[in-house]
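Undergrad: Fit chain E to the known structure of chain D by using the hints.
Protein chains: 2
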Amino acid sequence: MKKRKALTIEDLGEFGFIARFSTDFLKNLPPTVLGIGDDCAVLPWKGRKKLLITTDLLVEEVHFLRDKISAADLGHKALAVNLSDIAAMGGRPRWAFLSIAIPTGTPIAWFDDFFRGWKRLGRRTGVHLLGGDTTASKGGLVINVVVAGETDQRYLKYRSAARPGDVVAVTGDLGDSEGGLRLILKKTSPAGLPPDERYLIRRHCRPRPHLEEGRFLARQPEVRAMMDVSDGIDSDLRRIMERSGCGVKIYLENLPLSPALKRCARRLGWNLDEVAAAGGEDYCLLLTVARNDFPALARRFYRRFRRPLAAIGLITDEKNRLRYFRNQLPVILGKSGFDHFKV
Amino acid sequence: MKKRKALTIEDLGEFGFIARFSTDFLKNLPPTVLGIGDDCAVLPWKGRKKLLITTDLLVEEVHFLRDKISAADLGHKALAVNLSDIAAMGGRPRWAFLSIAIPTGTPIAWFDDFFRGWKRLGRRTGVHLLGGDTTASKGGLVINVVVAGETDQRYLKYRSAARPGDVVAVTGDLGDSEGGLRLILKKTSPAGLPPDERYLIRRHCRPRPHLEEGRFLARQPEVRAMMDVSDGIDSDLRRIMERSGCGVKIYLENLPLSPALKRCARRLGWNLDEVAAAGGEDYCLLLTVARNDFPALARRFYRRFRRPLAAIGLITDEKNRLRYFRNQLPVILGKSGFDHFKV
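Those protein sequence lines, which keep their order, are chains D and E. Going by the numbering used here, the first sequence opens with residue 151, and the numbers climb by one from there. Going by the numbering used here, the second sequence opens with residue 151, and the numbers climb by one from there.
Next up, chain D with everything else stripped away, as it sits in the complex:
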């Protein structure tokens, strides 16, 4: 007789784990509250104003390597990835909470730099650090950040609002962060690197949360679903498909790519489709827009931000089916979006 192996976290994967344990917590929620399943939780606040809360956990050797990212960049990034979730709900970030588990022997100078990076972004985005927890760690450094923000109920955009026929769009270039990560893992120091490589590394280490873009888009009624690109569009689109009960076609020739990424990919032999669609941490916004309204919205977006709102695909009625095309022909990607427990 074969012995049954006990189910482990690898068997379920990150999203299987969340699905297994979130069901119970979604029951009996008061109707004024949005729980697990979107970029932020939504709580009642003052009248039409809603409170948004999001949290992200960064673990050494999983999310970052301390010899590959400066403390100031990590301070920036730990806050930025949470601000990106607030941006995805069209909100304005207000308050943050920071929990850190610190290995013995960590130099205080490291934290001076960490907080320098954090504070610079906090000041620029109007976010006050209001509390947290400081403990020892027997392993690596662990950083948990919570950000609370506010938005108007009328402007909330959910992952569940995509409809067949919608245009799928993104607010920024895809794949730069994955490119930067690949370079970081090869080289020891960004000093002396050519400008293209420095650009990609900076995009990985200092992501810019699309807060202005998020607030602008949230106010446009023709924008339906919205979320941020954190695990790569290949993974993030699956979240929209699950929540909206739809499918997606992506036209790979339409993915917006920076000239720096294209040049590096050519030189280093990267598969650009995989870098752009399956690479994570771009932290721009992914949205769906009523098809007939897209051209006018894209023009308004361009006038406001001087960058294109890039149409990359269409929502279909093929439930949970994500298909890629290049010049009308189907393409199978060799790599999928990020899951913490699947390789």
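As the list makes no split between identical chains, a pair holds if one copy fits it or if it spans any two.
Simulated pairs of lysine-lysine, DSSO-like, Cα-Cα distance not exceeding 30 Å:
1. LYS485 x LYS288
2. LYS269 x LYS337
3. LYS177 x LYS199
4. LYS269 x LYS155
5. LYS177 x LYS269
6. LYS218 x LYS288
7. LYS218 x LYS155
8. LYS218 x LYS412
9. LYS337 x LYS218
10. LYS485 x LYS412
11. LYS177 x LYS196
12. LYS337 x LYS288
13. LYS469 x LYS399
14. LYS269 x LYS288
15. LYS288 x LYS336
16. LYS399 x LYS412
For the record, the hints were derived by calculation from the structure and aren't laboratory data. Keep in mind it's a predicted model, so treat the numbers as computed, not measured.
TA: The following block gives chain E in isolation, referenced to the frame of chain D:
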């Protein structure tokens, strides 16, 4: 010439670290907000209602050993320690967020138990889990919990409100949790242990947040400062002294001790003063009360909870001076309250 050693986290300690980095974040806070330095942050909400937010980070091998505490107990405790902070501000907990970093190979059955313990306490206290983050860990298990609650502005109790002459009181027995921890670290399993030892271990593994007591006491105007006992009164009283600019005298013969703890201490040769004053994680409430009003308040507390509100000392005007007495004579404790980076 001697080489100057770089300052590390051990040189500052937990509270030195917080002091160094919190100063900047306390500047320029809007007057409607309470930031770093109390049990919870306080945010504006609906009119007189305030939103309380607190967070606690639990790290494997620092806060718990997975072979010494059951998953269900840890699920209970991870939520309970945060509820205790809400209790200390007189609040009602409402929502929780859970971030977990999970080592590969962790059995899903472990999480079934973890969430069983969590949900039982969540149901009893009316707390909904609304979100979080799930990631891999290269080291041990890491759990960060955030709880948001509500209270009325009129009933907020701060650490900074103690005044010379106030009676210092606690709402429960001290030292049981430290006793339980000492037993856990010696034995492999609580099965087959005598009832006293089982009692102490349960007190360590399943702390009861004093939510009802907190809400009752918050409504009494004669209660001045309040906080929860998490690092042991020796450390927690220092927080009240710093924030209120005062000193404390503690009369050790007045510390409330459970019969189980007294019997175990006698049998195992523990120093009861150190266990009760420097041991942490009791999660009862520590408060100061206007002296003349104390007897009447203690009677009302007893009528409501059928347990004494124990007077253990007095607030003095000797700034930051914590003194212990037994039968009028000064006592020096051999051990102080918990600091993550001091041993």
